[in-house]
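J.: One letter stands for each residue in the lines below.
4 protein chains.
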Amino acid sequence: MSGSSIGQHLVLTSFGESHGKAIGAIVDGCPAGLELDEKDIQTMLDLRKPGQNLISTQRKEGDVVEIVSGVFRGHTTGAPISMIIRNADQKSKDYENLKTKLRPGHSDYPAMMKYNHLNDYRGGGRFSGRLTATHVMGGAIARKLLKTTLGIETNAFTSQIGKIKMSKEFNIKMAKSIYKNEVRCPENETAKSMRENILDARKKGDSLGGIIESITTNVPVGLGEPIFNSLESDLSKAIFSIPSVKGIEFGSGFRGSELYGSENNDLYTIKRGKIVTETNRSGGILGGISNGMPITIRIAFKPASSIAQKQNTIDIKTKKETILQVKGRHDPCVVPRAPPVVDSLVAFTIADHALLTGMIKPVL
Amino acid sequence: MSGSSIGQHLVLTSFGESHGKAIGAIVDGCPAGLELDEKDIQTMLDLRKPGQNLISTQRKEGDVVEIVSGVFRGHTTGAPISMIIRNADQKSKDYENLKTKLRPGHSDYPAMMKYNHLNDYRGGGRFSGRLTATHVMGGAIARKLLKTTLGIETNAFTSQIGKIKMSKEFNIKMAKSIYKNEVRCPENETAKSMRENILDARKKGDSLGGIIESITTNVPVGLGEPIFNSLESDLSKAIFSIPSVKGIEFGSGFRGSELYGSENNDLYTIKRGKIVTETNRSGGILGGISNGMPITIRIAFKPASSIAQKQNTIDIKTKKETILQVKGRHDPCVVPRAPPVVDSLVAFTIADHALLTGMIKPVL
Amino acid sequence: MSGSSIGQHLVLTSFGESHGKAIGAIVDGCPAGLELDEKDIQTMLDLRKPGQNLISTQRKEGDVVEIVSGVFRGHTTGAPISMIIRNADQKSKDYENLKTKLRPGHSDYPAMMKYNHLNDYRGGGRFSGRLTATHVMGGAIARKLLKTTLGIETNAFTSQIGKIKMSKEFNIKMAKSIYKNEVRCPENETAKSMRENILDARKKGDSLGGIIESITTNVPVGLGEPIFNSLESDLSKAIFSIPSVKGIEFGSGFRGSELYGSENNDLYTIKRGKIVTETNRSGGILGGISNGMPITIRIAFKPASSIAQKQNTIDIKTKKETILQVKGRHDPCVVPRAPPVVDSLVAFTIADHALLTGMIKPVL
Amino acid sequence: MSGSSIGQHLVLTSFGESHGKAIGAIVDGCPAGLELDEKDIQTMLDLRKPGQNLISTQRKEGDVVEIVSGVFRGHTTGAPISMIIRNADQKSKDYENLKTKLRPGHSDYPAMMKYNHLNDYRGGGRFSGRLTATHVMGGAIARKLLKTTLGIETNAFTSQIGKIKMSKEFNIKMAKSIYKNEVRCPENETAKSMRENILDARKKGDSLGGIIESITTNVPVGLGEPIFNSLESDLSKAIFSIPSVKGIEFGSGFRGSELYGSENNDLYTIKRGKIVTETNRSGGILGGISNGMPITIRIAFKPASSIAQKQNTIDIKTKKETILQVKGRHDPCVVPRAPPVVDSLVAFTIADHALLTGMIKPVL
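Going down the list, the protein sequences come from chains Y, A, P and G.
Per the numbering used here, the very first residue in the first sequence carries number 945; after that it's consecutive.
Per the numbering used here, the very first residue in the second sequence carries number 945; after that it's consecutive.
Per the numbering used here, the very first residue in the third sequence carries number 945; after that it's consecutive.
Per the numbering used here, the very first residue in the fourth sequence carries number 945; after that it's consecutive.
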């Protein structure tokens, strides 16, 4: 109930806090017979790991994942797969002086009020972006499952940082270029400008937001349920579990609202014997159900709320105005670390629906 | 599992098809002791009723709701509240000739494939916008519950139709003006242009989309859970159950992605002894938890997919190209009918969280 | 949350009160393509209908079920199947004078306290045995689904009334004889004694309990999950939703507790090429998973709490001792009406697990 | 979905296998502000620990629990509490030769079939009684929560081993004597006979079952929901997650089935100003709701299926008859280790309902 689990057939449970002993995830409902070892998860975790370069937080985490259960002789067994990462590089003292000064844009204040100051506030505690590593643990399994059984692939990438946008539309050939730069933008030149922009923001003690796009290919027709468990419902629920996400759109999304029906409708045609649509303004989802076209999602990330600049705020103890200057190590822009997290949650949601509809069997 | 229910403590179950015998809803988990009768629900249903004017479908439905259970001597009892509306004005024959021609932008094709042609296709069946009446049945109860217990009020309105937008930002004084025109836009002059625009689209056999905004006031601090049951997660899941919705954003949303942190952060201050933020770019939600500011949401509706113009498509029987011309009665723009539906789902989600956190008691 | 739904993939939602306008059920998650009409449900409802003979309550209910949604052209569509029975023969006045005198053994007192006197007390309201008709609505569908797809059959019967027990152990050939008498006991002679016993209790203004046995055949190996969703867990949860049930055992159950392991273990052997056990003390379930043998359950029903004899009790208004004499029409023994209810809940639970494990497809 | 979680508001998730790296549990939804440290859990774990004496398995496990998250400065935070026990004393080789010979009464065969031989079979894997340690982790927290907030106490004890039964009925004064002997029977003399009986069974290479009784005191009126989430439904679902449990009854249970209504009804009276019943044949639950009397449960455990005697069985590889002689270390009787497990599941279920009804607040 307290929201640490998601999914119906495939259930991901997340635990841990940013500066606690460990963080971890449990995946229940994964079919027996999937080849799996720690490398499958570690590889994907490494892509979101902090401390890799100048544009992210300087916190260094080994982030070495251990599979504790659910895998036997190199394959999943049908039992819950539990995974754990011990926290290492914690500098909790950095946060002690913040305890009473409310950080603008941060979860501090509602969390304090909700839990009557009992929550673990160190490093953001349960609200930290660090917890998205638990999403990736689950997502790495879901991605491998989808790839192995249905050939489905997810590709998330940075399409915008601040006001700098990709110049072309994504096409699937760009997928290989996503991880060729630190920004995770498949256009190398644009990525350079984005990087400059981020470094500039960091220098000013400021932060930037941006947009992640997600394209999922080889999706079969028929995933999702009418009314409450539409694919858009479940994907958006999952995506909004990422801190900093403030918007989501499928296909033509907000831009589609300005079009006429005759402009926004995707016309059916036949290609290589298959019914497809000529355009994909629906983002691959009609009536909440996948229509076989790629699922396309755009996700808005706000600029990180922790900035080095001085900000006016309130001291919750004195209930008086005060000045806050956040220390500690923070990402000037979290967007470049987000693609593996988005991929994880998209894959997890689609895998859950593929299991629900019987497209993936409980034993492979 | 098949997605006909939503909510954790307060659970809404929807049933029925557009051209079946009836549609209905069950609300389980509503506290005992809420004053309730059919008028409370009927009043809100009437606001989304079709056939009221030129800008909506000409299908006329009495849409008279009957409370079948859960209310005794004018109060809720704690038992599930079931409600039913008998369908009346069905013209199913209009749809017979569409059975094999895939309507662009419509759920036909994925539904046929998902259910192997066994689904009730008449009038869109389970996928029809008509089913949003079941959302309103649940929402009317949730709204009354929120108003009565916590003073929370939801206000959804049309802020954009096609390319025509409201000229000012919404402020709470405008709430009274929302239902003064057919378009549900609190700016009367803008509403007139929007209406012209819709009538024009209808004349062309075309359709329009638009944007609904939702402002919820008097929200206490502390609703929502970290990680998977964030308020944004649960609100978006609910909102995407509305057909035609393709995008959602909270607070500054997509626009916020282009700002610096120093521009997007809301600074804390004290007003009338209460901690508030000077601006509300967060949309009232931080870290997935309500922070006491109004919850602000923008929702993108695509233009209705059923248009009178001829469209190229595929006949699924012959697998050949063909021309489709949709008949039947359709909304040239569904947006003006959406505000009560959005209000319903926002209220339902917030009421569910208020019950989960103990802010509303199981017996009033 | 308030407990009106059960099941994971196949979900049954019950609504209504004994003396309200109607009772009904919604089955969500039933595969598309099952042949179904009202007769399938009515036939099974008629088997539990009251007022059929001397040994049950004299309340007469037409109990005519209407399928409101989810069935199209004689087949299920994959959409939720909603069913409703209008209540007819209500004599609520019989209950008015009971409002404050606590009926021993009845739900009155805890219900009053739980709902602060707001619950619908007429005829037991939400707690009435009448609500088991909603279990049967769901069960009739599940039974047909199991029979059609996997050949699974459930057979529940009365094996004991008061102290009168069947003389032999049930074997599957007896299944045809269950409904040949009013008591639903496959031994005709025993049934006569049971009937005498019930009539005798009625004459004394007293009531009797008894035991229902349930044998389910053709169960495939592999239904149920380890740990919390064991088949025994889910079956017992469903069965305890029947008012008056106070005990359940699988296979050798309580008697097995007194045996040595060497006596209670079922030895494996091969019959007609299939691995089976020579005996079935496990009741067809090992480690929470079906092992392919018939599932055997024994269920203890307490004697009905509403009796005509005078009983000492408390008046909740005065908080003083008083004498109660229950009027109204009551079953002197509910056991003979229980077999269709037990069959329903057993079938529903097994169908849910068969869907979860992929043994039944979402589209037939 | 795969059944590794239980509960609605308070959710227990179990992970791990008998001979894997570790076992563990996550409790989500525990209120913030409960004083908690590892000792609270360890103390209760120690009461079910194997290898303590002659009457249990000789497997020795340190079973040292580590709280990994959810506790900060000695109090729960509202975040999920995760706990882990590293497995130490594994002798997996003992099991290698059993891989193909089906052990009578054991989960081997259905597990192999369900998971197509992919499951971790070592030491029973996911089906091992060892996993009840994860129930105790959750239960220790629930018990402390119930004690602290509502004064509720659970007392489970051994009332029967094989054919040896306690001579008197349990009364609450006996609670202190439960853990004074290895058998966990509050009658010391009876405990001695039980112990003899178990040692004798062990010598013969055989095993014994028995009965655990559970008495919960200080239960408030009003826990449980009508229809599907009755207290009996949820308690039985939880209890049947214990391997070897084959029967459960509340109050007079099976014996009550043989009584007249006038004999079985509990008459209301007033004691010390409180409405109570003179007897407690209902076991403290009426209509699925607690009535304020102690909740009394009797639970049937079958004799352990692993015995040292030779048994006829089938080799699943050859599909031929063969002789099996189980080696490894096993409990000749699991009943004496079960009271803490029963206490855990009873407490967990009651705590969940107390949270659902608002009797315990989300923040203490």
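Among the clues, some could well be false.
Just so you know, same-sequence chains aren't split out, so a pair can sit in one copy or run between any two.
Said to hold, decoys possible - 25 Å max Cα-Cα, derived BS3-like pairs, lysine-lysine: (1) LYS1305 / LYS1091; (2) LYS1088 / LYS1305; (3) LYS1147 / LYS965; (4) LYS1261 / LYS1109; (5) LYS1091 / LYS993; (6) LYS983 / LYS965; (7) LYS1263 / LYS983; (8) LYS1305 / LYS1117; (9) LYS1215 / LYS1124; (10) LYS1218 / LYS1261.
These are computed hints drawn from the structure, not numbers from a lab.
J.: Now tell me if each hint is right for this structure.
T.: Going down the list of hints, with the structure as the test:
no.: 1; hint: LYS1305 / LYS1091; result: both (14 Å within a copy, 22 Å between copies)
no.: 2; hint: LYS1088 / LYS1305; result: both (15 Å within a copy, 24 Å between copies)
no.: 3; hint: LYS1147 / LYS965; result: neither (32 Å within a copy, 46 Å between copies)
no.: 4; hint: LYS1261 / LYS1109; result: neither (43 Å within a copy, 43 Å between copies)
no.: 5; hint: LYS1091 / LYS993; result: within (23 Å within a copy, 43 Å between copies)
no.: 6; hint: LYS983 / LYS965; result: both (22 Å within a copy, 17 Å between copies)
no.: 7; hint: LYS1263 / LYS983; result: neither (50 Å within a copy, 38 Å between copies)
no.: 8; hint: LYS1305 / LYS1117; result: neither (31 Å within a copy, 36 Å between copies)
no.: 9; hint: LYS1215 / LYS1124; result: neither (32 Å within a copy, 49 Å between copies)
no.: 10; hint: LYS1218 / LYS1261; result: between (65 Å within a copy, 13 Å between copies)
In terms of the numbered hints stated before, the structure departs from hints 3, 4, 7, 8, 9, listed from lowest to highest.
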